[in-house]
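J.: As a plain string of letters, each chain reads:
Protein chains: 2
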Amino acid sequence: MDLVRRIDRAAGEFLLFALTPPRLATARERVQEIADATMARLRPLDLDGLILYDIDDEAARNPAQRPFPFSPTLDPANYLADNFTSWQTPVIVYRAVGKYAPSELRTWLAAQDPARVMTVLVGASSSKIDTMTSLADAQALRRDVNPGLPLGGVAIPERHSRRDDEHLRLLAKQDAGCRFFVTQVVYDVNAAKNLVSDYHYECVARGRTPVPVVFTFSVCGSLKTLDFLQWLGVDVPRWMENDLKHAADTLEASYQLALAAATELMAYCRGLGVPFGINVESVSIRREEIEASVRLAEQLRTEIKG
Amino acid sequence: MDLVRRIDRAAGEFLLFALTPPRLATARERVQEIADATMARLRPLDLDGLILYDIDDEAARNPAQRPFPFSPTLDPANYLADNFTSWQTPVIVYRAVGKYAPSELRTWLAAQDPARVMTVLVGASSSKIDTMTSLADAQALRRDVNPGLPLGGVAIPERHSRRDDEHLRLLAKQDAGCRFFVTQVVYDVNAAKNLVSDYHYECVARGRTPVPVVFTFSVCGSLKTLDFLQWLGVDVPRWMENDLKHAADTLEASYQLALAAATELMAYCRGLGVPFGINVESVSIRREEIEASVRLAEQLRTEIKG
Numbered sequence: 001m002d003l004v005r006r007i008d009r010a011a012g013e014f015l016l017f018a019l020t021p022p023r024l025a026t027a028r029e030r031v032q033e034i035a036d037a038t039m040a041r042l043r044p045l046d047l048d049g050l051i052l053y054d055i056d057d058e059a060a061r062n063p064a065q066r067p068f069p070f071s072p073t074l075d076p077a078n079y080l081a082d083n084f085t086s087w088q089t090p091v092i093v094y095r096a097v098g099k100y101a102p103s104e105l106r107t108w109l110a111a112q113d114p115a116r117v118m119t120v121l122v123g124a125s126s127s128k129i130d131t132m133t134s135l136a137d138a139q140a141l142r143r144d145v146n147p148g149l150p151l152g153g154v155a156i157p158e159r160h161s162r163r164d165d166e167h168l169r170l171l172a173k174q175d176a177g178c179r180f181f182v183t184q185v186v187y188d189v190n191a192a193k194n195l196v197s198d199y200h201y202e203c204v205a206r207g208r209t210p211v212p213v214v215f216t217f218s219v220c221g222s223l224k225t226l227d228f229l230q231w232l233g234v235d236v237p238r239w240m241e242n243d244l245k246h247a248a249d250t251l252e253a254s255y256q257l258a259l260a261a262a263t264e265l266m267a268y269c270r271g272l273g274v275p276f277g278i279n280v281e282s283v284s285i286r287r288e289e290i291e292a293s294v295r296l297a298e299q300l301r302t303e304i305k306g
Numbered sequence: 307m308d309l310v311r312r313i314d315r316a317a318g319e320f321l322l323f324a325l326t327p328p329r330l331a332t333a334r335e336r337v338q339e340i341a342d343a344t345m346a347r348l349r350p351l352d353l354d355g356l357i358l359y360d361i362d363d364e365a366a367r368n369p370a371q372r373p374f375p376f377s378p379t380l381d382p383a384n385y386l387a388d389n390f391t392s393w394q395t396p397v398i399v400y401r402a403v404g405k406y407a408p409s410e411l412r413t414w415l416a417a418q419d420p421a422r423v424m425t426v427l428v429g430a431s432s433s434k435i436d437t438m439t440s441l442a443d444a445q446a447l448r449r450d451v452n453p454g455l456p457l458g459g460v461a462i463p464e465r466h467s468r469r470d471d472e473h474l475r476l477l478a479k480q481d482a483g484c485r486f487f488v489t490q491v492v493y494d495v496n497a498a499k500n501l502v503s504d505y506h507y508e509c510v511a512r513g514r515t516p517v518p519v520v521f522t523f524s525v526c527g528s529l530k531t532l533d534f535l536q537w538l539g540v541d542v543p544r545w546m547e548n549d550l551k552h553a554a555d556t557l558e559a560s561y562q563l564a565l566a567a568a569t570e571l572m573a574y575c576r577g578l579g580v581p582f583g584i585n586v587e588s589v590s591i592r593r594e595e596i597e598a599s600v601r602l603a604e605q606l607r608t609e610i611k612g
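Each protein sequence line maps, in turn, to chains A and B.
FYI, the numbering for the first sequence is 1 to 306, going by the working numbering.
FYI, the numbering for the second sequence is 307 to 612, going by the working numbering.
No lab work stands behind these hints: they were computed from the structure.
For every residue, glycine included, the Cβ atom is placed at its ideal position computed from N, Cα and C.
Fair warning: there could be bad hints in the mix.
[Said to hold, decoys possible] Over the 12 angstroms line for every Cβ pair with chain B, so calculated as not near, a few chain A residues:
(1) 55
(2) 65
(3) 126
(4) 192
(5) 237
(6) 238
(7) 240
(8) 245
[Said to hold, decoys possible] The following label-pair restraints were derived from C-beta to C-beta distances:
(9) A:33 / B:608: 30 to 40 angstroms
(10) B:569 / A:44: 52 to 62 angstroms
(11) A:8 / B:553: 28 to 38 angstroms
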């Protein structure tokens, strides 16, 4: 079943792969080369869909210094339109809505083909940021100009660990039109299980149907990447952090940890009956990390029933 | 290999079963009947050892009302001496040291046969309690009067979740003579992994050999037992609490959760190379809960390599 129909029917299981567009400063011909190489690498994976992230500085999120300097990237909407024309599956385009004027978002939303594009609208990472469009306004724009465009939202298990109300936020986002959710990178499986569990039982209590929750996994090839994930707000359980810090091969250790975590979550969701997807994210631009991400998606493809 | 030699060599893997002695008010003949029935039930399990708990009121631990009223139980030292004479394996007798005068502890410690008895000395559950003997004094008494008597200590993953220093407490207890540790009931596997991981890497950093960590599991046949566990300070992850509350059969659900948790921890400890034991505790006096505990021990026996 095609991803659009799965989302429409709130049905799992499916596999996505998430990319960050190249840096804004990349030469135009080089951008297409990167896109072509990426598509060639991903085609054998039999993905159900692709995610293109919309990167924001997020400096306001965390007063600590960003482990990697922020480098603006191409607009994922343009990257898709200009460089991924030959890609076959639906593509989920993220929109960090605060970066765009309402008119700009409206034009983009209106122009998208619901059979090929979905969008995840993301609010600001901190209330301290000046935003051009709020999440609620962006959600309303989609309803106005292209209600058939499948909408997703972000789900943050870490926020559930702190406030115990992320499942209620998910249901509120569902009321605002969200038909699926995507987590940030999951290292803390327990936090993800807590969120899914509360979401499931709240759906049961309200007589609502749960929509697919897409869990994101990635490999981590260096301790600096680990620092960066933590800076971004990803909770890494102490034992995983220890294992990664002491591993002879950090990349391989993180691959095994991600595989085990994904497998555990998949079994848990199946047991509960919550539809789910798996998203493998390529965090780094280092060749061996990209290859390990592809290997992770390849392995998870064999475990996904769908 | 016999449990005494395993502990002496800091070697896993082994299986224990933990009992609470009958209530103090039990008629004398009835006590022996209970002990005989218990031994008959446990003999087929091929246990490496038995644990006898020393129950304390612990009212000072938690201002909330105790879900079950406190009912004093027989002294485990007496229960062992009077009623378990025909039991074959070594027995680990807990001593809630604050309940006893130093002279009383000294006499008991001096009289124990290190080939048959071990002890776990437990300090007060709250600093607000008046104690007759402190943990440090009790440890010193053992060193003085029976240094060959194998000593264990308690390990509390939940405390590690709050303070991040339980691994240092374990090493300090090791310095005070502890040759093994026993956790309270584990529901939060992640917390237990965090503690074992920090303990392992701290041992490596200091060139110390880890001693066996014994993880305790139990079944939970009712939501009142679950309340009681939480009152006692056991962290139950939200998803487990949800699953237990919504299970058609709480006891069977808790059996499956305990089995999965134990299996996960065993695999994790093997990967790290930390020696471990498994302890199955029978919390309740309800027949079906006791039988499920025995079934859990039976199943875990097949998974323990030792």
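J.: Which of the numbered hints above does this structure break?
T.: 4, 5, 6, 7, 8, 9 and 10
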